[in-house]
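*Asks:* Spelled out from the first residue to the last, the chains are:
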Amino acid sequence: MFVTITREPIDTSGLAGRVRSDADGAVILFTGVVRNHHEGRQVVALRYEAYEAMASEKLRAICASVASAYEVTDLAVAHRIGDLTIGDVSVAIAVSAPHRDAAYKASREVIERLKREVPIWKLERYADGEEAWVKGAIPEPG
Amino acid sequence: MFVTITREPIDTSGLAGRVRSDADGAVILFTGVVRNHHEGRQVVALRYEAYEAMASEKLRAICASVASAYEVTDLAVAHRIGDLTIGDVSVAIAVSAPHRDAAYKASREVIERLKREVPIWKLERYADGEEAWVKGAIPEPG
Amino acid sequence: MAAGEAPGTRVRVTSLFFAVYRDILGTSELEIELPEGSNVKALIEAVRKHAAVDELPRHVVVAVNQDYASPETILVDGDEVAFIPPVAGG
Amino acid sequence: MAAGEAPGTRVRVTSLFFAVYRDILGTSELEIELPEGSNVKALIEAVRKHAAVDELPRHVVVAVNQDYASPETILVDGDEVAFIPPVAGG
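Chains as they are written, first to last, in my numbering: chain A, 22 to 163; chain B, 22 to 163; chain C, -16 to 73; chain D, -16 to 73.
No lab work stands behind these hints: they were computed from the structure. Backbone N, C-alpha and C fix where the C-beta goes; we use that ideal spot for every residue, glycine too. Warning: the hint list may mix true and false statements.
[Unchecked claim] Covered stretches of chain B (in silico footprint by chain C; criterion: 3 or more residues with CB under 8 Å from a CB of chain C, positions within the stretch not fixed):
#1 26 to 36
#2 123 to 137
#3 155 to 163
[To be verified] Pairs of lysine-lysine residues, derived as DSSO-like cross-links and limited to a Cα-Cα distance of at most 27 Å, are as follows:
#4 B/Lys156 to A/Lys136
#5 A/Lys136 to A/Lys156
#6 A/Lys126 to A/Lys136
#7 B/Lys156 to A/Lys156
#8 A/Lys156 to D/Lys32
#9 C/Lys32 to B/Lys156
#10 D/Lys24 to A/Lys156
#11 C/Lys24 to B/Lys136
#12 B/Lys126 to A/Lys126
#13 B/Lys156 to B/Lys136
#14 D/Lys24 to A/Lys136
#15 A/Lys156 to B/Lys136
#16 B/Lys136 to B/Lys126
#17 A/Lys136 to B/Lys136
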């Protein structure tokens, strides 16, 4: 299991490579990417901020919980913070499993729980020069 | 949209890079990998065979159908044929979408339909020297 | 060969065999002639007779010119008929 | 500071503010002293009074020492209490 909150660009291939073993038939790599629109407004850049120590710990707890719920071999999650631009990978989740059904379900559960539970915030910068913190989800203790 | 049946190793990063656009918030890369076991037997290698022209055409039809059913931006699929060894990527499916829900659903549907509809076969080679065609799925016209 | 020719006209189709069907037939391809108006079902029966031992399953799925086709599909001269064993891609 | 000391003993906790809460409070961190036995709810009220204008929502989620904690959680000296705005990772 590997979890990182990082200011550096995420090496998605490296992340996927970390999780595969010879017993695995499926590896799923989910990448969240900075897109140029949100709720009808044109976005030009983002800043992510995290309560880093807790975010890492929460991500590890989510991975452990998901690993115990599904027949997966390994998980790796990287979340980038700091200033990102359109097309940058903000989050990457790699999951390996003997069979694909578990890999899909585990991948999906990690990203859904990450978005509900992990203390990370997103400041959007718009084409018109304004900026705003994205209205997020009331955090749910996992 | 990009589809290939190839004898060369699959460039998974390249495949994922093909599908992303600035409007996308999610890219999912599914990779099917040759694993070292199947139904309790130790597998040492695989050979994939395809009815190549029809397989390409079927994959294109599946991608078009999935693209029209979900809000996805683009899809790319590569299936390798020939002799593969443990850890080799046999199939890779990249899907991009503005939102992750569509990306997950589309990715899953492509691999499920690929396994039911596309004329590809798999010969397993076991540790004891035997080999056998994997019992597959009665193909369903898509 | 155009339709409407004299009785006795035959059509020639190419049958392709993959994977376990190639092993059963001992070949990847057969050229088979059938009476004009023959359907897929008739071709499958002709192929069964060709095999030393008929190990083809009761229901054989075929594709005519790369599209899955029903047993009732009428074959025309030059058709490519692929015998498709249960598929196992991915 | 050990429990059971004389009345009037106070606990000192570090409050952390992130994202929109930092904007509201105008700072990322406050050291706040409270009477011993105070709970999270009391800390939140103290923080509300600190803000020039109380723009914190009615319900504020906090984490005590990096675990989400209920308003009834009793604070002890040295606790780190993070005020967690609605999260938006991913």
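*Asks:* So, for every hint listed, does it hold in this structure?
*Replies:* Hints, one by one, checked against the model:
no.	hint	in the structure
1	26 to 36	violated (count 0)
2	123 to 137	holds (count 4)
3	155 to 163	holds (count 7)
4	B/Lys156 to A/Lys136	violated, 40 Å
5	A/Lys136 to A/Lys156	holds, 12 Å
6	A/Lys126 to A/Lys136	holds, 16 Å
7	B/Lys156 to A/Lys156	violated, 50 Å
8	A/Lys156 to D/Lys32	holds, 24 Å
9	C/Lys32 to B/Lys156	holds, 24 Å
10	D/Lys24 to A/Lys156	holds, 24 Å
11	C/Lys24 to B/Lys136	holds, 26 Å
12	B/Lys126 to A/Lys126	holds, 11 Å
13	B/Lys156 to B/Lys136	holds, 12 Å
14	D/Lys24 to A/Lys136	holds, 26 Å
15	A/Lys156 to B/Lys136	violated, 40 Å
16	B/Lys136 to B/Lys126	holds, 16 Å
17	A/Lys136 to B/Lys136	violated, 32 Å
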